[in-house]
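Protein chains in written order, with the numbering used here: chain A, 6 to 137; chain B, 6 to 137.
No lab work stands behind these hints: they were computed from the structure. Treat the hints with care, since some could be wrong.
Pairs involving identical chains hold if they fit within one copy or between any two copies, as the list cannot separate such chains.
Unchecked claim - Derived DSS-like pairs (lysine-lysine); straight-line CA-CA distance at most 30 Å:
{"#": "1", "residue 1": "LYS59", "residue 2": "LYS130"}
{"#": "2", "residue 1": "LYS130", "residue 2": "LYS30"}
{"#": "3", "residue 1": "LYS101", "residue 2": "LYS111"}
{"#": "4", "residue 1": "LYS59", "residue 2": "LYS30"}
{"#": "5", "residue 1": "LYS30", "residue 2": "LYS120"}
Number of protein chains: 2
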Amino acid sequence: MSKFEAGLIKLLEGKNFASFVTLLKDGSPHAAPTWIDHGDIILVNTALGRLKEKNVRNDPRVALSIYDNENPYHMAAIRGKVIEITTDGAEDHVDKLAKRYIGMDKYPRRSADEKRVLIKIQAEKIHHQDYS
Amino acid sequence: MSKFEAGLIKLLEGKNFASFVTLLKDGSPHAAPTWIDHGDIILVNTALGRLKEKNVRNDPRVALSIYDNENPYHMAAIRGKVIEITTDGAEDHVDKLAKRYIGMDKYPRRSADEKRVLIKIQAEKIHHQDYS
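Next comes chain A alone, as it looks inside the complex (with noise of 0.2 Å):
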């Protein structure tokens, strides 16, 4: 069940890595390329104390960008805002991802103290556009 249109959804469920945005603590902002998933929400899964997870808890203002790796003039721009930041389900959902995007049933670079963390994104503005 989604909110985005299938357009939106197929950029989201492609092998399309998205930019991830997050603000510095100076308010600088830092774009990382970050592979990206969805249910009703945007998720992004990455590990505790990575900069990503830091900037977030300090200010939930996010931005993403991602385009379709086969045609890139379909891409898509969201602004939105970090609802909540979980390890729930966090090992799982990092496997579910290395399946999608590089067909590994375990996600193969986890580092022995590396605990995965969700963020989980509220889309506020989606600008989604097909030139192609």
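On the provided structure of chain A, position chain B as indicated by the hints.
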């Protein structure tokens, strides 16, 4: 003449889109997929009056992320500051980008009243990695 390392230059000179991040008036981030270029600095070409231009006039702090379309595990995250916003050379520059990205001599999406503008970005932090 570029101060960027070879792998990053490959990213910046490919047909890869960058996510270009600017700050809105309220300090929240805005990200959009864009064509990208570089000299000693990073170059983004947009049109006068667009959100990107308005945002960087208000706050020069920007971020970019980029990955290789053919190998998204080769990626870079860049933080920097806008050091110049100029229409000088911007019309020719967008044609150069059109040649590189879509093989056309002239940028095909110019509207009659559009004036192109170059946003020149000094990179301050570059995180460049290749997991492939």
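Outcome of the hint check:
Taking the shortest Cα distances, LYS59 and LYS130 sit within 30 Å of each other both inside one copy (23 Å) and across copies (18 Å). Taking the closest pair of Cα atoms, LYS130 and LYS30 come within 30 Å of each other both inside a single copy (23 Å) and across two copies (15 Å). Taking the closest pair of Cα atoms, LYS101 and LYS111 come within 30 Å of each other only inside a single copy of the chain (8 Å); across copies the shortest separation is 43 Å, beyond that limit. For a Cα distance limit of 30 Å, the shortest separation of LYS59 from LYS30 qualifies both inside one copy, at 9 Å, and across copies, at 23 Å.
Proximity of LYS30 to LYS120 under the C-alpha cut-off of 30 Å is restricted to the intra-copy arrangement: shortest distance 23 Å within a copy versus 35 Å between copies.
When held up to the earlier numbered hints, the structure conflicts with none and fits them all.
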